[in-house]
Amino acid sequence: MRIKPKIGVIVFATLLSASCSFAAEFMPDKVLRWGGNSEGGVPFILYDPSEPEKLTGFETEIAEALAAEMGLKPQFVQNVWDILIPGMQRGLYDIAINGIEVTPERQETINFSIPYYVTYLQMVVPKGNPAGVSNLENARGHTIGTLRGSYAYETLAKAGIADIRSYENEATAYQDMQNGRLDAVVMDAPMSIYYSQFNPMFEFVGEPIGRMEYAMTIRKGEEAFLKRVNEAIVTLRDDGTLRRIYDRWNLWNPLMAEYFNDDRPALEKPIMYEHWADIQRGARSWPERIKRYVGFLPSFGRAAVVTLEVSVASMALALIVGLFIAVCRLFGPLPLRAFAACYTEFIRGTPVMIQLFFIFYGLPNVGVQLSPFVAGTLALGLNYAAYESENYRAGLEAVPRAQMEGALALGMTKREALRHVILPQAIRVSLLPMTNDFIALLKDSSLVSIITLVDLTRTYGQLATVNYDYFGTGLIVAVIYLLIGTPFVRIARKLEKKLNVSLRGRRVFAVHRAANYNE
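What the sequence shown shows, in mature numbering (1 follows the signal peptide of the UniProt record, and there is no 0), is residues -23 to -1, 1 to 496, in sequence order.
One or more of the hints may lead you astray.
[As the list claims (entries may be wrong)] With a Cα cut of at most 30 Å, we get these calculated DSS-like pairs of lysine-lysine:
#, residue 1, residue 2
1, K391, K268
2, K246, K50
3, K31, K50
4, K50, K204
5, K104, K246
6, K420, K475
7, K420, K268
Worth flagging that the hints you see were computed from the coordinates, not collected in a lab. This one's a predicted model, so the numbers in the text were calculated from it and none came from an experiment.
The task is simple: from the sequences and hints, build the whole structure.
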């Protein structure tokens, strides 16, 4: 069977179009691209639970005010928190703003703006404090939760606490403590206020721990841009813009009063804090829940398109490359057979996430810079190509050797025999495992969220964490994945039936041709 050029052209056009659209979206003029993580980002960066399409948070307001002061238009770029700095160095955005603490280690690789917020760590325990944890000293021997790669994690480790559970977002840590898996949670005060102060199952204990400064990160070598950012922060501080933002979100504290040298009473009412409190305290009826779920649909729709595009393009690439690898391994000369075997074993023996990081963050070091869509498609496609090659190989070896010998005896060339006799039968055998692989790829496509693409899984995390609703939101996402995958399963079944009919026809043709040949 010959692979039609149209398939390769379609795949290439899809990748090129996505790459160009990404470049147009993320490299406009007079735009301040700022990176952050909106998943569980209360009160930093989040989508408003009452308006799922609206990005809010005190750092969102700071980024918008900063852009306005600099005469730029703000543009948010989603990325995972612990790779915000690599993403910035990769050039995905101009600055990163997401509660990033200033540390000596980070200062060696990036530039920090002047701090825009100063805070401390706060310990939170279950109501009644059954474990008796009240400070870092008596927390030893207990299970403590915090954010992965944060200043809080370093503080707990230095305090000699051995059992530290690290989390990608703060919501899951507090959820685990509510479920009895943690004795305490230690995180930045803003997170503690917004995730536990309204929950009757939690309480604050102990004194404020440490002192940390949040600053915006900027690439090394961009000192002129750093100067512009610092000047804008100073202006926003001096004209009261930052103070008003902190008041609205109820984040003003004694450390900020000392840092800003501002002892004035609040300039704004804590309207955003009260808005969040009302949402968390209010009991939702089923009609309200259904209305909220309906509000999620536009976000899930856009995310589903991303998931589908990445999955289909990756699978198309995997099928083409996998067929090439399988044919090389079985029918190619020795060098190609060795290459195919090494490729398959190497790809299957290394994690797909490592491959994705290498393609997206590693290749730019040698001058190869790909858009997130292209990088994600290549990583998943080349990874699954190794598995598809084994499916093809199993199918090819399942075809009796006599089929090839008979085709050659009838006067066919080896290429014609592969195309007309061997491959159609092999593909029929391989079709069912290929369908299973596509369903698996559909789920593995969630990995692309670590390179700024917002897919279904990432959207689920964003909405579930700010609404404290992993159950209902999770059911919706599960149904969407099921709806996406089901049509492809049905198409595979129809192709299988069609191939059965086609193969029967080919067998009749072979018999007639053999009879004519004998005559």
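Each hint, compared with the structure:
A threshold of 30 Å between alpha carbons decides the hint, and for K391 with K268 the separation of about 62 Å lies outside it, so the pair is violated. At most 30 Å may separate the alpha-carbon atoms for a hinted pair to count; K246 and K50 meet this at roughly 27 Å. A C-alpha spacing of about 16 Å is found between K31 and K50, which places the hinted pair at or below 30 Å, so the restraint holds. Our distance criterion of 30 Å between C-alpha atoms is met by K50 and K204, whose separation comes to about 18 Å.
The suggested pairing of K104 with K246 holds, with an alpha-carbon distance near 29 Å, which does not exceed 30 Å. Note on K420 and K475: the hinted pairing holds, with a Cα-Cα distance of about 28 Å set against a maximum of 30 Å. The suggested pairing of K420 with K268 holds, with an alpha-carbon distance near 27 Å, which does not exceed 30 Å.
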